[in-house]
Amino acid sequence: RKEVEQDPGPFNVPEGATVAFNCTYSNSASQSFFWYRQDCRKEPKLLMSVYSSGNEDGRFTAQLNRASQYISLLIRDSKLSDSATYLCVVNDGGFKTIFGAGTRLFVKA
Amino acid sequence: DTAVSQTPKYLVTQMGNDKSIKCEQNLGHDTMYWYKQDSKKFLKIMFSYNNKELIINETVPNRFSPKSPDKAHLNLHINSLELGDSAVYFCASSQVFGGETQYFGPGTRLLVL
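Each protein sequence line maps, in turn, to chains A and B.
Here my numbering is used: position 95 in the first sequence is 95, and no number is missing along the way.
Here my numbering is used: position 70 in the second sequence is 70, and no number is missing along the way.
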């Protein structure tokens, strides 16, 4: 089992749609969780941290389920500019930060 | 102001050559990293340095040697380049070690012919 697993997609959605991504992690001792965004031929950038209580930033909502060891990202009212690869990132509670392979999103007009 | 910068941006070279990639961060961070992103877009940690000391060295061939002359710089030297080394190499930094937001450089696209 991979340490961090994501559905690679691609997800093709129309503008205005709501889309959700899930990510599972294998190490129950993991302590920190993030979603990063990577545009084509660019570097990854932090989208948001994920907290146990769940957190929201505008149209983006992140949830953490420690019991089931998964993280989710919900994007509401998708924009064309949301088209990117979304990377699930987990810190293993020690020294290592592990990136998932990413989920590709295409938002169409 | 560029927070994390890398040079060169593109590197095309022949098999067997030796090359270096430089990274600098002006964020005052203590920790720097090297990642490799292969053709399948999988981003994998190679090295982590904290206060100029090597903390993590993943299963990377010893042809890859990182060097940190000071906290703001982490360079990557690659000996005897192989075709499989072709990838995008990202440098990143974080304020402290483990669990913190990482800031990435723009990447160095290495193509080995």
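Possibly wrong hints are sitting among the right ones.
[Unchecked claim] Restricting the straight-line Cα-Cα distance to at most 25 Å, the calculated cross-link-like pairs of lysine to aspartate or glutamate (DMTMM-like) are:
| no. | chain 1 | residue 1 | chain 2 | residue 2 |
| --- | --- | --- | --- | --- |
| 1 | A | K96 | B | D18 |
| 2 | A | K2 | B | D70 |
| 3 | B | K41 | B | D70 |
| 4 | A | K2 | B | E53 |
| 5 | B | K44 | A | D39 |
| 6 | B | K36 | A | E5 |
| 7 | A | K45 | B | E82 |
| 8 | B | K52 | A | D7 |
| 9 | A | K79 | A | E56 |
| 10 | A | K2 | B | E24 |
| 11 | B | K40 | A | E5 |
| 12 | B | K40 | A | E56 |
| 13 | B | K41 | A | D39 |
| 14 | A | K2 | B | E100 |
| 15 | B | K9 | A | D92 |
| 16 | B | K44 | A | E3 |
| 17 | A | K42 | B | E53 |
| 18 | B | K40 | A | D39 |
| 19 | A | K2 | B | D38 |
| 20 | A | K108 | B | D70 |
Quick caveat, the hints were computed from the structure, so don't treat them as lab data.
Small disclaimer: the values here were computed from a predicted structure and weren't measured.
Okay, the hints, checked on the actual structure:
1. A/K96 to B/D18: With a Cα-Cα distance of about 28 Å, the restraint between A/K96 and B/D18 is violated, given a limit of 25 Å.
2. A/K2 to B/D70: 35 Å, violated
3. B/K41 to B/D70: 30 Å, violated
4. A/K2 to B/E53: 29 Å, violated
5. B/K44 to A/D39: With a Cα-Cα distance of about 17 Å, the restraint between B/K44 and A/D39 holds, given a limit of 25 Å.
6. B/K36 to A/E5: Given that 25 Å is the threshold and the Cα spacing comes to 18 Å, the pair holds.
7. A/K45 to B/E82: The hint is violated at about 29 Å.
8. B/K52 to A/D7: Cα-Cα ~36 Å, so violated.
9. A/K79 to A/E56: 17 Å, holds
10. A/K2 to B/E24: The hint is violated at about 32 Å.
11. B/K40 to A/E5: 14 Å, holds
12. B/K40 to A/E56: With Cα atoms ~30 Å apart, B/K40 and A/E56 exceed 25 Å; violated.
13. B/K41 to A/D39: Holds. B/K41 to A/D39 sits at ~12 Å (cutoff 25 Å).
14. A/K2 to B/E100: Roughly 22 Å between the alpha carbons, so the hint for A/K2 and B/E100 holds.
15. B/K9 to A/D92: 31 Å, violated
16. B/K44 to A/E3: 12 Å, holds
17. A/K42 to B/E53: 28 Å, violated
18. B/K40 to A/D39: Roughly 15 Å between the alpha carbons, so the hint for B/K40 and A/D39 holds.
19. A/K2 to B/D38: 17 Å, holds
20. A/K108 to B/D70: 46 Å, violated
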